[in-house]
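Undergrad: Take a look at the letters that make up each chain.
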Amino acid sequence: MKNIVMKSTIMKSIAMKRAITTFAFLLGLASAPAFSQQAYPLSGTWQGDWGVNDKDRNFLTLVMDWDGKAVSGSANPGPDSTQIEHMTLNSANWTVAIDMPLKDAKGQTVQFKGEGAIADLGSQTRSISGTWSDGARKGTFTLTRQSGG
Amino acid sequence: MPLPAPVGLPRLLPCLLLAALPLAAQAHHPIGAKFNTTATNTLEGIVSAVDWANPHVHVYVNVSGADGNVVNWALELPSRVELESSGWRPEALVPGARVSASGWTALNGTHQLWAEALTDSKGAKLFTVADDAMSKKLAGRPAAATPRWPDGLPRLGPPPGETGYWTLPSRSALIEDGQQVAMDAYGVLANLADAAKVAPLQDWALDLYRFRQSNTLRDDPMFLYCVPPAGPRQFQQLFGVQFVEQKERQRIFLLVAGGNGNWRMIYTDQRDQVGQISGTDDNPLFYGNNSAQWEGDTLVVESSGFNEGFWFSNGGLPHTKQLKLTERFTRTDKNTLHYQVTVSDPGAYTRPWTSSWDLQWLPGEELPEYYCQDNRP
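Sequences listed follow chains B and X, in order. Quick note: the first sequence uses our numbering, first residue 1, plus one each step. Quick note: the second sequence uses our numbering, first residue 150, plus one each step.
If you're looking for bench data, these hints aren't it; they were derived computationally from the structure. Virtual Cβ for every residue (Gly too), placed ideally from N, Cα, C. Some hints could be false.
[Unchecked claim] Calculated cross-link-like contacts (lysine-lysine; reagent style DSS-like; alpha-carbon spacing at most 25 Å):
1. X:274 with B:69
2. B:113 with B:69
3. X:285 with X:274
4. B:138 with B:113
5. B:69 with X:346
6. B:106 with B:138
7. X:483 with X:285
8. B:113 with B:55
9. B:69 with X:483
[To be verified] One-sided and incomplete, this derived list gives chain X residues near chain B with beta-carbon spacing under 8 Å:
10. 352
11. 353
12. 356
13. 361
14. 364
15. 368
16. 457
17. 469
18. 471
19. 493
20. 497
21. 521
[Claimed, not checked] Here are some chain X residues pointing at chain B (derived, C-beta under 10 Å):
22. 332
23. 467
24. 496
Starting from the given sequences, assemble the full structure and let the hints guide the process.
TA: Okay, structure coming up:
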């Protein structure tokens, strides 16, 4: 009986943590429009997916910021969040290069090295599409910037 | 370019297939956000109504097609402010009159035409705008001393018993002082190669500025979404600004007649903005966090806490949330307001830089009723 109560308490604690994490994540998304970026093309919150083919896709959220010298940010805010290790923008042709660890749907970590191009640059909901690789694994990714303000 | 069906008919004369009109397009950047400025079309019909209003006057015209169908077109023209400054009144055109128009059709395919030229049945041009009409109106005014409050400080608004507001900026967009760069009233460069001279832009910001310029500024959020012309852009609007000084509350309201008819509040006692207008990193604003004080006869306003949802200058110069402005307002005489702004934004520029220009006092008027949201149809 004591074990059941303890297990129940632990489960409630985990559920509470998940609820708090989810709430914090949603709160972050809800406040994203207030930080709407018109200027540096990569700044803001982006959503899309990546995968090795059309059927095997993984949800992807990137939150990026520009400090005047470098892009920083994170992927998939929440329990499986990872940090962007390297992100560059080539404004001569509006292409991007990104390097970061990501967890796929099976929980395996991929060292995501992607290259893509920005489409519809002048729009708040501009997009990036391109290809990624991790050794022999490779595929495509797409991202669309979240609108707002 | 054929007009959208069912109007691509003989009466509409889809002529003048001028594949590219770069100069004309550049002269009308806000128009490019709504109309296809790369090809000119002509139509002819009978006026059904004249909507004499800001931000743009519309003339509605019934156009008959060869198949007998009649389509009502909306011809869009400059603002009521501009037309009346050029001496026009709505009575110049009445329902029933026959007109012909040439211009650009709407990008979304609706029956709208930006009328570059409008003529009556006798071929007389209607509703033409003289670019120098306002400056001619203000030329030759007698010089007068700067009006002052009882405490000796300059009045930035109208003297007691008078009306008026500030307009006719001598510079239409931010350009670093000392640089000679030709551009039109909307900040479109005469020569795109001059882009790097405008301001000390970082590489990405220069490329984005060039993109916006070469795209005829059609992504300008002020025209697309009616967001405020915040920052220095407040003082680049033809439709004017007004200072409402509340000495007893130690604050100044800055009313803006262009864009979406908005206001900015400036405290003169260095108190913090609080609540929804705190203007902090967590709460960035269009008009930012402002703090002002007088240095002699000059009002100096420091501001930061801007969001990135607007263009802070005509012409599309980028800024980031790291933007800080130092603005200096000096009413050098009754009719002249000297404006100077120092831009500090390490997110977009390589160093701080300064731009300045003058505005003219338009007496006997109040700010016009002008809301960009009201751009019928």
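Undergrad: For every hint, state whether the structure bears it out.
TA: We went through each hint and held it up to the structure:
Only pairs whose Cα atoms come within 25 Å are accepted, and residue 274 of chain X paired with residue 69 of chain B is rejected, the gap being roughly 54 Å. At roughly 21 Å between alpha-carbon atoms, residue 113 of chain B and residue 69 of chain B fall within 25 Å of each other, so this suggested pair holds. For the hint pairing residue 285 of chain X with residue 274 of chain X, the CA-to-CA distance comes to about 21 Å; that is within 25 Å, so the pair holds. Annotation: proposed proximity of residue 138 of chain B to residue 113 of chain B holds, straight-line Cα distance about 9 Å (limit 25 Å).
A distance of roughly 22 Å separates the Cα atoms of residue 69 of chain B and residue 346 of chain X; the hinted pair therefore holds under the 25 Å criterion. For the given pair, residue 106 of chain B sits about 16 Å from residue 138 of chain B by alpha-carbon distance, which is consistent with the 25 Å threshold. Restraint check: the Cα-Cα separation between residue 483 of chain X and residue 285 of chain X comes to about 18 Å, which is no more than 25 Å; the hinted pair holds. For the hint pairing residue 113 of chain B with residue 55 of chain B, the CA-to-CA distance comes to about 20 Å; that is within 25 Å, so the pair holds.
The hinted pair formed by residue 69 of chain B and residue 483 of chain X fails the criterion: a straight-line CA distance of about 45 Å is larger than 25 Å. Look at residue 352 of chain X: its Cβ gets to within about 6 Å of chain B, closer than 8 Å, so that hint holds up. Restraint check, residue 353 of chain X versus chain B: the minimum CB separation of about 4 Å is within 8 Å; hint holds. The beta carbon of residue 356 of chain X is positioned within 8 Å of a beta carbon in chain B (closest approach about 4 Å), and the interface hint is therefore held.
A distance limit of 8 Å between C-beta atoms decides the matter here; for residue 361 of chain X the minimum to chain B is near 7 Å, and the interface restraint holds. At a threshold of 8 Å, the smallest CB-CB gap from residue 364 of chain X to chain B is about 6 Å, leaving the interface hint in force. Nearest Cβ of chain B to the Cβ of residue 368 of chain X: about 3 Å, under the 8 Å cut. The hint holds. With a least beta-carbon distance of about 5 Å to chain B, the hint placing residue 457 of chain X at the interface is held under the 8 Å criterion.
Using the Cβ-Cβ criterion of 8 Å, the hint placing residue 469 of chain X at the interface with chain B is satisfied: the shortest such distance is roughly 5 Å. At a threshold of 8 Å, the smallest CB-CB gap from residue 471 of chain X to chain B is about 6 Å, leaving the interface hint in force. Residue-level restraint check for residue 493 of chain X is violated (minimum Cβ-Cβ distance to chain B is 11 Å; threshold 8 Å). For residue 497 of chain X, the shortest C-beta to C-beta distance to chain B is roughly 6 Å, which falls under 8 Å, so the interface hint holds.
Of the supplied interface hints, the one on residue 521 of chain X is violated, with its beta-carbon coming no nearer than about 17 Å to a beta-carbon of chain B, more than 8 Å. Look at residue 332 of chain X: its Cβ only gets to about 19 Å from chain B, farther than 10 Å, so that hint breaks. Taking 10 Å as the C-beta contact cut-off toward chain B, the hint placing residue 467 of chain X at the interface holds, the least distance being around 4 Å. Look at residue 496 of chain X: its Cβ gets to within about 4 Å of chain B, closer than 10 Å, so that hint holds up.
Consistency with the previously given hints fails for numbers 1, 9, 19, 21, 22, ordered from lowest to highest.
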